[in-house]
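Number of protein chains: 2
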Amino acid sequence: MSEVLMSCFLFNIEDKSYNGGGIGSSTRMMDFLEEPIPGVGTYDDFNTIDWVREKSRDRDRHREITNKSKESTWALIHSVSDAFSGWLLMLLIGLLSGSLAGLIDISAHWMTDLKEGICTEGLWFNHEHCCWDSDQVTFEDKDKCPKWNSWSQLLISTEEGAFAYIVNYFMYVLWALLFAFLAVSLVKVFAPYACGSGIPEIKTILSGFIIRGYLGKWTLIIKTITLVLAVSSGLSLGKEGPLVHVACCCGNILCHCFNKYRKNEAKRREVLSAAAAAGVSVAFGAPIGGVLFSLEEVSYYFPLKTLWRSFFAALVAAFTLRSINPFGNSRLVLFYVEFHTPWHLFELVPFILLGIFGGLWGALFIRTNIAWCRKRKTTQLGKYPVIEVLVVTAITAILAFPNEYTRMSTSELISELFNDCGLLDSSKLCDYENHFNSSKGGDLPDRPAGAGVYSAMWQLALTLILKIVITIFTFGMKIPSGLFIPSMAVGAIAGRLLGVGMEQMAYYHHDWAIFNSWCSQGADCITPGLYAMVGAAACLGKWSDSNDCFLVVIMFELTGGLEYIVPLMAAAMTSKWVADALGREGIYDAHIRLNGYPFLEAKEEFAHKTLAMDVMKPRRNDPLLTVLTQDSMTVEDVETVISETTYSGFPVVVSRESQRLVGFVLRRDLIISIENARKKQDGVVSTSIIYFTEHSPPMPPYTPPTLKLRNILDLSPFTVTDLTPMEIVVDIFRKLGLRQCLVTHNGRLLGIITKKDVLKHIAQMANQDPDSILFN
Amino acid sequence: MSEVLMSCFLFNIEDKSYNGGGIGSSTRMMDFLEEPIPGVGTYDDFNTIDWVREKSRDRDRHREITNKSKESTWALIHSVSDAFSGWLLMLLIGLLSGSLAGLIDISAHWMTDLKEGICTEGLWFNHEHCCWDSDQVTFEDKDKCPKWNSWSQLLISTEEGAFAYIVNYFMYVLWALLFAFLAVSLVKVFAPYACGSGIPEIKTILSGFIIRGYLGKWTLIIKTITLVLAVSSGLSLGKEGPLVHVACCCGNILCHCFNKYRKNEAKRREVLSAAAAAGVSVAFGAPIGGVLFSLEEVSYYFPLKTLWRSFFAALVAAFTLRSINPFGNSRLVLFYVEFHTPWHLFELVPFILLGIFGGLWGALFIRTNIAWCRKRKTTQLGKYPVIEVLVVTAITAILAFPNEYTRMSTSELISELFNDCGLLDSSKLCDYENHFNSSKGGDLPDRPAGAGVYSAMWQLALTLILKIVITIFTFGMKIPSGLFIPSMAVGAIAGRLLGVGMEQMAYYHHDWAIFNSWCSQGADCITPGLYAMVGAAACLGKWSDSNDCFLVVIMFELTGGLEYIVPLMAAAMTSKWVADALGREGIYDAHIRLNGYPFLEAKEEFAHKTLAMDVMKPRRNDPLLTVLTQDSMTVEDVETVISETTYSGFPVVVSRESQRLVGFVLRRDLIISIENARKKQDGVVSTSIIYFTEHSPPMPPYTPPTLKLRNILDLSPFTVTDLTPMEIVVDIFRKLGLRQCLVTHNGRLLGIITKKDVLKHIAQMANQDPDSILFN
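Chains A and B, in that order, give the protein sequences. Each residue of the first sequence is one higher than the one before, starting from 1 at the first, in UniProt numbering. Each residue of the second sequence is one higher than the one before, starting from 1 at the first, in UniProt numbering.
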């Protein structure tokens with residue numbers, strides 16, 4: 001951390017040289033060299049930023065630095081350091097989020113094992129580390145090493161018998177409850193924003209919304225701790241989504257070290273996009289997939305300049321995590337796999353079946369989860385988050401312990417399901433009858449399943465049902481929870497079941513026409529692990545309503561080759577189509593809508609024929625639009641308008657009669673400026689005339705001094721005509737990141753459309769409740 | 001091809017059901033159910049399209065199909081087939097461009113070998129195929145097989161002696177000249193657009209420019225044939241850039257089979273983006289890199305919906321090429337490599353040196369090549385393209401033959417340079433003194449270089465100089481020519497030279513402090529092949545002024561792992577920074593500017609403080625803006641305005657006095673409509689009043705009938721105020737894809753800014769000649 005602090009120090013000293021310029025130097029006000037008023041140009045909490053203004057301010061800042069750099073060496077150094085500060089920031093984000101991911105992985109691993117027992121040699125060893133140098137590590141009894149003591153051994157000194165089993169069971173549930181209780185209490189007391197996966201909120205923030213504290217240091221600290229606790233408690237949740245939130249917190253906090261990013265909401269969102277890429281990069285060990293995730297899924301404004309930097313941050317994060325090596329396999333994730341046998345064209349049929357299963361599950365999950373979350377929001381249930389978490393944890397733990405596939409951590413389960421059975425694998429899933437005694441080199445032929453495989457199948461089927469049901473209730477509770485891992489687990493189980501089924505069918509019926517052509521007796525036709533992987537990809541297909549290219553790329557990076565892209569794509573595409581047919585909305589967007597955030601989906605086309613005049617305020621029977629005139633209203637008039645309305649801004653016109661538009665002024669800026677003038681400027685009273693023109697209007701003698709407010713006037717407001725189709729208006733709002741847009745008819749001002757109006761209109765057109773949009 | 005034709009047939013039959021709607025149903029005209037006039041809504045050659053109108057039209061079409069689909073089963077089937085036609089199109093593009101790439105690879109390979117000799121067993125075998133089943137294929141004399149006859153063997157029946165050498169030399173030059181002559185003649189006679197790499201033009205077309213025939217069937221056929229000829233002639237050029245052009249031609253031609261894409265310029269550009277991805281995918285065997293290339297480099301409007309489809313097209317193309325297997329190694333490219341030894345942190349120093357070399361070379365190349373191309377354009381030189389090509393070919397061939405590294409094809413050279421010397425490699429580059437006789441398994445330790453390596457070094461140095469000089473003169477001639485391969489060759493040679501140097505230094509001075517810590521005697525410290533690869537990446541770094549993420553991804557896909565991403569990135573980034581410091585413009589953008597295309601760079605920020613009023617026409621001392629009034633001008637008045645001006649459109653105002661804007665009408669639409677009215681509409685004469693209002697103005701009796709033109713009026717023209725900063729105007733032009741924008745002051749129309757004005761202003765601000773912008 002010391003380098004972070006040092007760089008904070010360095011960059012802030014350097015930046016002092018231009019602090020004076022600050023906000024007042026915005027392009028739109030550049031002709032007016034008045035002192036900027038503090039507060040003008042900032043935003044309230046739960047408000048939308050003005051992208052155009054923010055980008056404009058950054059260009060001003062950049063221009064100023066470039067101009068100054070010709071003057072002195074110091075300014076030149078400052079200019080160069082400013083240019084490289086983006087790269088430095090990316091490096092720091094990569095290092096920090098990679099380290100945190102490593103820390104989370106290691107702690108979660110240790111605490112998950114703590115539920116079952118403890119290492120007598122050193123309390124800080126997890127099960128695997130504890131038994132690493134044990135002599136007894138053979139393939140059969142690698143779970144039995146003398147240094148590792150289960151709770152029954154520690155407490156009642158025996159490993160055998162029903163009582164020992166009950167003691168272990170009890171301790172398992174107890175630890176799970178303790179972890180869950182700690183997690184939910186910490187979240188509740190210290191950082192309420194630390195719950196959930198965070199991705200819906202990050203999407204909203206990146207689209208230009210302000211939620212103060214959502215990416216703050218408390219959220220970071222509490223989310224990191226509670227994520228470990230939540231994962232260790234054995235609940236059906238993953239760490240992948242929350243890791244993106246953690247990385248974004250790192251990005252946001254590190255932004256404070258650089259004036260360039262601290263002061264500009266638009267620039268900061270560029271950094272957050274890159275941080276999200278770093279988060280996915282460490283979550284899946286897939287840097288390219290991370291960048292694509294950020295580009296496709298969460299980012300709103302993603303200039304291509306950012307692509308390179310995001311890629312850099314993602315790589316640094318991946319390398320940091322790799323050098324920490326939390327899994328001891330030199331890979332970034334637990335479930336890296338390599339298959340060696342090719343797939344056959346006929347197998348596309350089961351792969352597509354898996355895709356259909358994935359799509360059905362996705363649609364079902366989204367509906368039931370949203371219904372449950374709505375219930376939580378609207379009924380008494382939402383008032384007892386701690387009890388809810390404890391109840392769900394208790395149910396999960398009690399049902400999970402007896403079944404070894406639910407007892408192990410979900411990542412381990414996925415890793416085992418992906419695994420292609422080798423000769424030396426001793427797990428139940430690989431308990432085949434070894435007829436052939438491995439005559440031919442590496443590849444194992446298809447073999448009949450042994451008793452172990454059959455019992456594993458039953459256990460996996462039970463696991464599947466448990467995971468499907470419990471995940472619906474888990475996602476949305478007041479603890480950090482990601483969806484990727486439970487979804488992958490559901491898909492992987494379904495895939496493995498189908499894969500083993502296919503394998504057995506191919507073994508016993510290899511004379512059937514469908515197998516005949518490509519599967520001779522004794523050949524290795526079917527790889528059940530590949531089915532598990534395809535199933536996992538299929539079940540991930542419906543988290544968003546976007547394209548999920550990033551998924552295929554992540555899978556490509558996990559398998560390390562193009563060989564299996566076609567099966568993966570076939571399943572993911574089928575899943576997407578099936579889920580789309582059952583409901584277009586993705587889980588993140590559904591949660592955004594549930595919370596009423598003002599998120600304007602950038603990917604969905606607006607397909608209705610309405611015009612701007614159908615959406616603008618005032619409506620046909622409303623009173624006229626509230627406007628200010630450019631040089632005839634007094635301070636009192638304006639204050640009356642402010643107090644009588646709640647609009648966040650007012651158009652300024654030449655005169656009420658002509659309704660010719662001059663500019664737009666924000667309510668917040670107006671209030672601050674008038675207050676400031678009353679305090680400081682001599683003689684400004686209620687009857688003073690406010691003017692927005694360049695020169696003060698001619699005044700009769702003995703009138704109070706006037707107040708010039710042109711410097712807070714936006715002289716280039718966006719306008720559209722009343723006959724502009726809404727699809728074009730929506731496009732403009734999206735692409736330029738507007739907060740509001742004025743509507744004219746034949747050159748006269750007619751009305752105003754705000755982002756909230758647009759969102760309400762879209763909701764109305766989609767037959768949804770327009771009042772669900774809460775913020776502007 | 002039969003399936004293509006069939007689908008053309010199928011889709012066009014189905015599409016007849018809505019052909020009636022056509023252009024007239026555009027949103028902006030939707031209230032006016034008049035018969036659409038043929039020609040309204042199309043574009044002239046060398047003009048810019050209106051993205052907003054095109055997208056609007058597609059949404060109308062889509063809405064109509066969706067509405068109709070509820071009416072009948074046939075319409076429902078049509079709606080579904082319309083939705084899937086995009087995917088079908090992608091599949092066809094992938095298949096066609098993959099097949100063409102395979103064809104080009106195989107033919108070029110055969111014709112390259114034809115320069116040296118011929119296979120007696122079958123004329124259609126290339127050297128490698130000819131000797132495949134030869135008994136004498138051992139590692140030493142695999143080049144000598146009885147079935148393969150060099151020209152001297154065929155003509156004078158001997159392989160030995162000076163005379164045989166001269167015969168071979170002569171035949172080599174003769175074939176090269178013949179191929180080059182055929183290539184340049186075919187291009188000149190049949191398809192002038194087939195020359196060059198095509199990427200600058202494709203960038204411009206994708207940004208919304210119309211160049212008829214640039215992606216047509218003649219260009220496709222001639223480019224495919226001449227590309228093979230040009231590559232085989234031994235000139236210093238590559239096939240990668242032209243392959244992108246070929247794939248885009250395939251995309252454009254296949255678009256004609258689908259009404260959805262044929263009739264809409266914006267939708268067609270989505271397809272072309274995907275086709276470009278498929279082109280890079282087959283050129284480099286890197287589907288993900290291809291998609292990123294398309295996204296970063298050539299595409300202008302790339303909705304994320306297209307990402308998934310591009311990816312699909314790229315994968316299909318890659319798989320098609322792979323199943324053709326042109327190189328016989330089951331890989332998509334000749335130079336796929338796998339390294340096994342890790343790199344060391346200290347090696348970043350030579351890698352960064354390679355980056356600096358790459359940056360210097362990039363900047364030098366762009367300057368000299370552009371200077372030479374400008375000379376060709378402005379002097380007599382440009383009038384003799386055939387002679388120019390023949391002279392350059394002759395020089396290349398004469399200088400190339402004596403040196404084996406220039407004689408072999410450039411891809412083979414790169415493949416050899418990337419190759420890590422194994423024990424069995426017999427090439428000169430691997431002629432080390434084998435002290436250790438391979439005691440330790442796979443890895444070979446560093447060894448002292450033998451005589452072969454030293455002579456190879458000299459030959460490579462000469463090759464480097466030749467390639468650097470000749471490429472400058474080759475790129476831009478009137479034959480298909482890509483830049484990737486020559487650039488990679490230059491970088492790979494420099495890298496290999498440095499790599500071997502480092503290796504020998506490490507061997508002889510392994511006690512030096514810098515080697516001491518990580519390179520013990522007899523260890524394999526340095527991989528010269530990796531240096532070649534890093535050098536190649538460094539020399540590719542400056543083709544564009546964008547980020548070149550796609551390069552790193554391509555390299556990632558070629559090496560198949562994250563292991564070497566850091567060296568590659570370090571070199572590519574250094575190269576980029578060095579080249580940027582010496583000149584910001586990339587080679588493609590420089591060629592776009594040389595040709596005066598109206599390309600608005602989407603990645604570069606506009607950094608000046610000018611306002612819209614500084615750019616708009618009319619300027620301060622010009623006559624007033626030419627406008628039409630909405631209901632008081634006669635046909636004659638309008639025709640006078642049209643004949644006296646050359647503007648491509650006119651604003652329509654309420655009255656000349658008020659200057660309140662109503663809409664915007666295009667010159668082309670106006671001319672076509674008036675002509676049409678004069679022909680068909682009874683009584684429309686020169687004194688008829690043209691009105692753009694909804695209802696006809698009150699007329700005195702006995703006046704000629706009026707002409708209503710509201711249906712060609714754009715009722716939602718884009719406006720900005722005169723005080724809007726140009727940076728925002730540029731942003732609007734870019735993001736919304738405008739052709740023009742009107743400028744108002746306090747609600748009154750003041751002027752107009754066209755795309756050409758914006759480009760001229762940008763050129764002026766960058767101290768370039770604003771008159772270099774030729775088209776609008």
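Worth flagging that the hints you see were computed from the coordinates, not collected in a lab. Source: prediction; values computed, not measured. Check each hint, because a few of them may be wrong.
You can't tell identical chains apart in this list, so a pair holds if it fits in one copy or across any two.
[Claimed, not checked] 25 Å max Cα-Cα, derived SDA-like pairs, lysine to any residue:
1) Lys609 to Ser81
2) Lys760 to Pro385
3) Lys188 to Trp74
4) Lys217 to Leu497
5) Lys188 to Pro342
6) Lys617 to Tyr647
7) Lys305 to Ala763
8) Lys377 to Arg212
9) Lys375 to Thr706
10) Lys305 to Leu600
11) Lys735 to Met613
12) Lys70 to Leu594
13) Lys617 to Asn746
14) Lys735 to Arg63
15) Lys217 to Leu600
16) Lys609 to Leu76
17) Lys756 to Ile642
18) Lys377 to Ile470
19) Lys70 to Arg584
Hints, one by one, checked against the model:
1. Taking the shortest Cα distances, Lys609 and Ser81 sit within 25 Å of each other only across copies (23 Å), while inside one copy they are farther apart (51 Å).
2. Proximity of Lys760 and Pro385 under a CA criterion of 25 Å is satisfied in neither setting, with 31 Å inside one chain copy and 62 Å between copies.
3. Taking CA atoms no more than 25 Å apart as the test, Lys188 paired with Trp74 passes in neither setting, with 49 Å inside one copy and 57 Å between copies.
4. Proximity of Lys217 and Leu497 under a CA criterion of 25 Å is satisfied in neither setting, with 44 Å inside one chain copy and 51 Å between copies.
5. In this assembly of identical chains, the alpha carbons of Lys188 and Pro342 never lie at most 25 Å apart, being 51 Å within a copy and 48 Å across copies at closest.
6. Taking the shortest Cα distances, Lys617 and Tyr647 sit within 25 Å of each other inside one copy (11 Å), while across copies they are farther apart (37 Å).
7. Taking the shortest alpha-carbon separations for Lys305 and Ala763, only the inter-copy value of 22 Å comes in at or below 25 Å, while the best intra-copy value is 33 Å.
8. In this homomeric assembly, Lys377 and Arg212 come within 25 Å of each other (Cα to Cα) only inside a single copy, at 22 Å, whereas the closest approach across copies is 59 Å.
9. With identical chains, the CA atoms of Lys375 and Thr706 are never at most 25 Å apart, being 56 Å at best within one copy and 64 Å at best between copies.
10. For the identical chains of this complex, Lys305 and Leu600 are neighbours both inside a copy (23 Å) and across copies (16 Å), given an alpha-carbon limit of 25 Å.
11. In this assembly of identical chains, the alpha carbons of Lys735 and Met613 lie at most 25 Å apart whether taken from the same copy (21 Å) or from different copies (24 Å).
12. For the identical chains of this complex, Lys70 and Leu594 are neighbours neither inside a copy (53 Å) nor across copies (31 Å), given an alpha-carbon limit of 25 Å.
13. In this assembly of identical chains, the alpha carbons of Lys617 and Asn746 lie at most 25 Å apart whether taken from the same copy (17 Å) or from different copies (21 Å).
14. Taking CA atoms no more than 25 Å apart as the test, Lys735 paired with Arg63 passes in both settings, with 24 Å inside one copy and 22 Å between copies.
15. Proximity of Lys217 and Leu600 under a CA criterion of 25 Å is satisfied in neither setting, with 28 Å inside one chain copy and 42 Å between copies.
16. In this assembly of identical chains, the alpha carbons of Lys609 and Leu76 lie at most 25 Å apart only when taken from different copies (21 Å versus 54 Å within one copy).
17. Only within a single protomer do Lys756 and Ile642 lie at most 25 Å apart by alpha-carbon distance; the minimum there is 20 Å, versus 44 Å between protomers.
18. Taking the shortest Cα distances, Lys377 and Ile470 sit within 25 Å of each other inside one copy (19 Å), while across copies they are farther apart (72 Å).
19. With identical chains, the CA atoms of Lys70 and Arg584 are at most 25 Å apart between copies only, with a shortest distance of 19 Å across copies and 55 Å within one.
The structure does not agree with the numbered hints 2, 3, 4, 5, 9, 12 and 15 stated previously, though it agrees with the rest.
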